[in-house]
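Student: Now for the letters of each chain:
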Amino acid sequence: MRRNDSTSLFDRLFKPVTYTLSDGHQVTQKRSRLPLVLVLIVVATIVSGEVTGFSFSTLVRRIGYFFVILRDMFPPDWAYMPRVWQPLMDTIKMSLLGSFIGALLCIPFSVLCASNLIHNRFVTAFFKLFYSVVRTLPTLVIALIATYIFGLGTFAGTVAIAVFTFAYCGKILYEQIETADMGSYEALEALGMGRLSTIRYAIWPQVFPQFISTVLFCFEGNVRYASILGYVGAGGLGLILNERIGWMEYARVGMILIALFITVVIIETVSSYLRSKLI
Amino acid sequence: MIQFTDVAKVYPNGTVGLKDVNLRIDDGEFIAIIGRSGAGKSTLLRSINRMHPITSGNLNIDDVDVEKLSSRELRRLRRRIGMIFQSFNLVTRTTVIRNVLTAFVPDMPLARRVLGIFRRQDKLKALECLDKVGILEKAFTRVDQLSGGQQQRVALARTLAQNPSIILADEPVAALDPVTARVVMDDFKKINREMGITVIINIHHVELALEYCDRVIGIKEGMVVFDGPSSHVDQKVLSLVYGEIDEKE
Numbered sequence: 001m002r003r004n005d006s007t008s009l010f011d012r013l014f015k016p017v018t019y020t021l022s023d024g025h026q027v028t029q030k031r032s033r034l035p036l037v038l039v040l041i042v043v044a045t046i047v048s049g050e051v052t053g054f055s056f057s058t059l060v061r062r063i064g065y066f067f068v069i070l071r072d073m074f075p076p077d078w079a080y081m082p083r084v085w086q087p088l089m090d091t092i093k094m095s096l097l098g099s100f101i102g103a104l105l106c107i108p109f110s111v112l113c114a115s116n117l118i119h120n121r122f123v124t125a126f127f128k129l130f131y132s133v134v135r136t137l138p139t140l141v142i143a144l145i146a147t148y149i150f151g152l153g154t155f156a157g158t159v160a161i162a163v164f165t166f167a168y169c170g171k172i173l174y175e176q177i178e179t180a181d182m183g184s185y186e187a188l189e190a191l192g193m194g195r196l197s198t199i200r201y202a203i204w205p206q207v208f209p210q211f212i213s214t215v216l217f218c219f220e221g222n223v224r225y226a227s228i229l230g231y232v233g234a235g236g237l238g239l240i241l242n243e244r245i246g247w248m249e250y251a252r253v254g255m256i257l258i259a260l261f262i263t264v265v266i267i268e269t270v271s272s273y274l275r276s277k278l279i
Numbered sequence: 001m002i003q004f005t006d007v008a009k010v011y012p013n014g015t016v017g018l019k020d021v022n023l024r025i026d027d028g029e030f031i032a033i034i035g036r037s038g039a040g041k042s043t044l045l046r047s048i049n050r051m052h053p054i055t056s057g058n059l060n061i062d063d064v065d066v067e068k069l070s071s072r073e074l075r076r077l078r079r080r081i082g083m084i085f086q087s088f089n090l091v092t093r094t095t096v097i098r099n100v101l102t103a104f105v106p107d108m109p110l111a112r113r114v115l116g117i118f119r120r121q122d123k124l125k126a127l128e129c130l131d132k133v134g135i136l137e138k139a140f141t142r143v144d145q146l147s148g149g150q151q152q153r154v155a156l157a158r159t160l161a162q163n164p165s166i167i168l169a170d171e172p173v174a175a176l177d178p179v180t181a182r183v184v185m186d187d188f189k190k191i192n193r194e195m196g197i198t199v200i201i202n203i204h205h206v207e208l209a210l211e212y213c214d215r216v217i218g219i220k221e222g223m224v225v226f227d228g229p230s231s232h233v234d235q236k237v238l239s240l241v242y243g244e245i246d247e248k249e
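Line by line, the protein sequences give chains A and B. The numbers in this note's numbering rise by one with no breaks, and the one at position 173 of the first sequence is 173. The numbers in this note's numbering rise by one with no breaks, and the one at position 116 of the second sequence is 116.
Just chain A, same shape as in the assembly:
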């Protein structure tokens, strides 16, 4: 394949260095892009600080209030624990079921995104765009929309988690499919397999362990996401968390957070153990 050899703007502004050897051979080295990148990063940092109104002095002045609230949370109200169980279980159920549904659903869509399997550029571009659109929706917004459609409760939360998992795991899956070794694909095609069988037997074994690992990782994150979905009425821990913060019952908030913390640690430990076994 021949590349277009018109020089870029950068190379025209900053001329490449040409080295001439004693025997007359010449070799050119393009100027490094690093200074340009550094300038861009510094400018972007300053601009974003201005736009968001970030003030370092406010951060220093007010940080103490964080510890005031934190102190109020301890000791936590242990007697409140029985009322935490049900929402906690809801949170776990939402994330487990949502992750599972999302992961299953993204498999066919990711295949349609993979440009090494689907040679129609419009099809792959369409499904990639579709993933991008879904991914730009924050989980909280999806949950809010879901509560309008399916009503308040854990079902809306499950849908929100599934949509998020679908977009997140789907993107990673199609990138893995695109970087898979196509040698075995070619071999199975040559022995007379159809397209779907070839994907099933050449691509799937290559991406499967990594995919399960991604889904587990996503599930870990989902437990944390699911705990705030209650804020928009999608069930789980967020519901009572929102209530207790509203009533300024920080000892009970402390109890909820400890329960969540322990749950997340347990799930992360189990999941990272499983993931280490997979690869």
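Because the hints were derived from the structure by calculation, they are not lab data. Check the hints yourself; a few may be wrong.
In silico negatives: residues of chain B with every beta carbon more than 10 Å from chain A [claimed, not checked]: (1) V16; (2) D27; (3) F30; (4) N58; (5) H204; (6) L208.
So the derived list for chain B, only partly shown, Cβ under 7 Å to chain A, looks like this [stated by the list, open to error]: (7) N49; (8) M51; (9) R79; (10) T102; (11) R113.
A virtual CB, placed ideally from N, CA and C, is assigned to each residue, including glycine.
Given chain A's structure and the hints, the job is docking chain B onto it.
Tutor: Below, chain B alone, put in the same frame as chain A:
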């Protein structure tokens, strides 16, 4: 029998892959295709099972025009043609036997194909193929733990499991050391002699080609510049195929 009539292949970017190719390959032949890198050896080999479609001329296998087959008929044709690659092209993250078993997948009913469930008799057949290439004890090892020579024999077993009438091998020994290369070439010879399978090999090692194969086809710039028994290959033929030594890349 494979018959090329005025076959030409031009790639979409204008590169000429094959030009004026006329060949007749009979059943049970053992053929080496030689030529420089980029001369069109791989294109010639892959046009036979239409992994690379040709752009003009006729390519018939047993009087069936390969270019006119529907995708279903093409898959059925490919079932009969084994293919071996320089880089083995196995699914490295799974076991040896599962790689060999993939040869049976096209003939399986849908449900078993999706679930990947193989019958006991298929497994026995796969094990027999592994035994034929002398690598039975590695059947349940993961492919990425095998050496290059062992992997190429797994690929050969996968091809044998297809029960092919033709085997196409694209630089099968280029990635192997000289000793292992001979072992694999011996396997090809055995398969050709004992099972009567047509074997067509792309090969860079001229001395191996002359020693093992009955007939040599020389390709240069997409054209057949030599076609004859290995005994007729001499220095003159080689410089015709490979060009002058001092020629610039």
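Student: Of the numbered hints stated earlier in the document, which are not met by this structure?
Tutor: none
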